[in-house]
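Using the hints provided, position chain B relative to the given structure of chain A.
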Amino acid sequence: MTAWTPDQPIIRLRDVHKSFGALEVLKGISMDIMKGEVICIIGPSGSGKSTLIRCINALNDIQKGSIQVEGQEVHDPKLDKLALRRKVGIVFQQYNLFPHKTALQNIMMAPLKVLKEKPADVEARARALLKKVRLEGKENQYPGELSGGQQQRVAIARSLAMQPDVMLFDEVTAALDPETVKEVLITIKDLAAEGLTCILVTHEMNFAREVADHVYFTDKGLIVEDGPPETLFTSAKDPRTRSFLSQVL
Amino acid sequence: MAVKPSSPRKTMDVLLPVARPFGSGSLPDDLFLARWLGNMPASWVLLGLALWPTFALAQSGPDAYNAFEKLLRWIPFLFMQGFLFNVLISVLAMAIGTVLGTFMGLGLTTRSALIRTPVQIYVTFFRNAPWLVLLFIILLAFPFQVTAFGMVIPVPGWMKTVIGLALPVSANIAEVVRGGIQSVPTAQWEAAESLAFTRRQTMWQIILPQCVKRMLPPWMNWYAILTMSTPLCSLLGVNEVISLTRQAMEAEGNRPELLVPFYGFCLILFFLYCYPIARFTRSLERKFAVRS
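If you read the protein sequences in the order shown, they are chains A and B. To convert a position in the first sequence, counted from 1, into the working numbering, add 71. To convert a position in the second sequence, counted from 1, into the working numbering, add 1172.
The shape of chain A in the complex, shown without the other chains (with noise of 0.2 Å):
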């Protein structure tokens, strides 16, 4: 195998199956996504959607097909998943921020304690990154302190530490009231303006169509139709897509 460079494919997913016991809940999945794309995952309940994006930081195993990071096979037994998970950060639905810790210090703990870097260095970093999703002076703050919307924005902001080159965001606003799912919003396309390679699992059909490159639409383990939001949204083809389309906008 010749080495990743970064014109191919940053995530590359080829016939990926995945069963929780006799259930298969994704049943041959294939997928390119490029280096500073966006992709939207959208599709109903049940469909396999935050199953797929587990499996692609190895929270979940796969039973057959192949996923790769950087040319990296994900679920190679001797992989080095310290190396995976610098490099793939996830944001999950119900923040799981570490409720013993401040803000400030849910972020820089991985960065201390697992990279190992300086602590002023971390420091600095941190108190950046907690200015860019827009909670300074929430630093001291516990997570039980913080609103929903703030805590989701310090968990972006602790896997942002571990300075990631694709962020996986896990239906991150599904939990959250309606009128702070658009501060957590904007932080994320903050972060795609960036250039930030983002796979988004979502129910926000409006926020797919505005901040995707590319959305696929997946149901019953299977991706059913994808393509560039504004084809998707207005002239899709699958019969199945467009019932679940009308349903939702």
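By construction, these hints were calculated from the structure, which means they are not laboratory data. These numbers come from a predicted model, not from an experiment. Check each hint, because a few of them may be wrong.
Some chain A residues flagged as far from chain B (calculated, every beta-carbon gap over 10 Å) [what the hints assert, rightly or not]:
{"no.": "1", "residue": "Pro115"}
{"no.": "2", "residue": "Pro148"}
{"no.": "3", "residue": "Pro190"}
{"no.": "4", "residue": "Arg198"}
{"no.": "5", "residue": "Val252"}
With the Cβ distance kept under 10 Å, some of the chain B side facing chain A (calculated, not the full set) [what the hints assert, rightly or not]:
{"no.": "6", "residue": "Pro1357"}
{"no.": "7", "residue": "Gln1360"}
{"no.": "8", "residue": "Glu1362"}
{"no.": "9", "residue": "Ala1364"}
{"no.": "10", "residue": "Ala1368"}
{"no.": "11", "residue": "Thr1370"}
{"no.": "12", "residue": "Pro1381"}
{"no.": "13", "residue": "Val1384"}
DSSO-like, lysine-lysine: derived pairs with alpha carbons at most 27 Å apart [claimed, not checked]:
{"no.": "14", "chain 1": "A", "residue 1": "Lys172", "chain 2": "B", "residue 2": "Lys1385"}
{"no.": "15", "chain 1": "A", "residue 1": "Lys184", "chain 2": "A", "residue 2": "Lys209"}
{"no.": "16", "chain 1": "B", "residue 1": "Lys1459", "chain 2": "A", "residue 2": "Lys172"}
{"no.": "17", "chain 1": "A", "residue 1": "Lys184", "chain 2": "B", "residue 2": "Lys1385"}
{"no.": "18", "chain 1": "B", "residue 1": "Lys1242", "chain 2": "A", "residue 2": "Lys209"}
{"no.": "19", "chain 1": "A", "residue 1": "Lys149", "chain 2": "A", "residue 2": "Lys98"}
{"no.": "20", "chain 1": "A", "residue 1": "Lys209", "chain 2": "B", "residue 2": "Lys1385"}
By construction, the Cβ of each residue, glycine as well, lies at the ideal position given by its N, Cα and C atoms.
Coordinates of chain B only, in the frame set by chain A:
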């Protein structure tokens, strides 16, 4: 507003965002003693104290005055030589039991069956074995002295009872630790994993610091149980407060009117020591129930 005894736990279940992932998490009631003892209103306690001399009077009439007078002379000795020794035994057994129990608790949550299975057997055995039987086994099985590097170190009986009490305590603390670890949502493990923390780093830096608070009330509950079990050592010839009380009564002529004043005094000592612990345990539990 009156707080009903069982309400915090119920409301907490509703607030927990993620169901306990493997098995039961903490046991349905791991604070049984503290709940029972800590729920006693202070007025009952004062009433009980007032009943003590009344009961002695009812039993033995005017002789009881005499008996209380005798008790008064023994109180400093019984407290200093006896009860403080019980406290020492309980503190040492708790310290050993906690260190051992923490590692056993970690063993219960490990992925390796090679470690987990023997730990499970240890925990199940020592949680279910009667404490008195364990104490007798340790007393008889342990040598009276240990020879190390040419030095002969005697092992007195009371040290053996510390070990004998530490074993069942460690098994119960192991369950407390396991329950605490497993009450942390699996999402915390995932978040740590996605940030490239190793399993060990996750355990010591993310999971355990979160559950220390949750483990504190059941830990204190076990300390109170342990303290109240130290009189078992009197059956093994250790000169703790019950043994000394019996000796004191013998020195005073072993008269029946001595029984209620002398043993009642022991009961009060244990109560006065454990009641604040139980109250504190309950208040901690209530505080954490509201916070989480």
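Any hints from earlier that this structure breaks? Give me their numbers in increasing order, please. Structure breaks hint 18 only.
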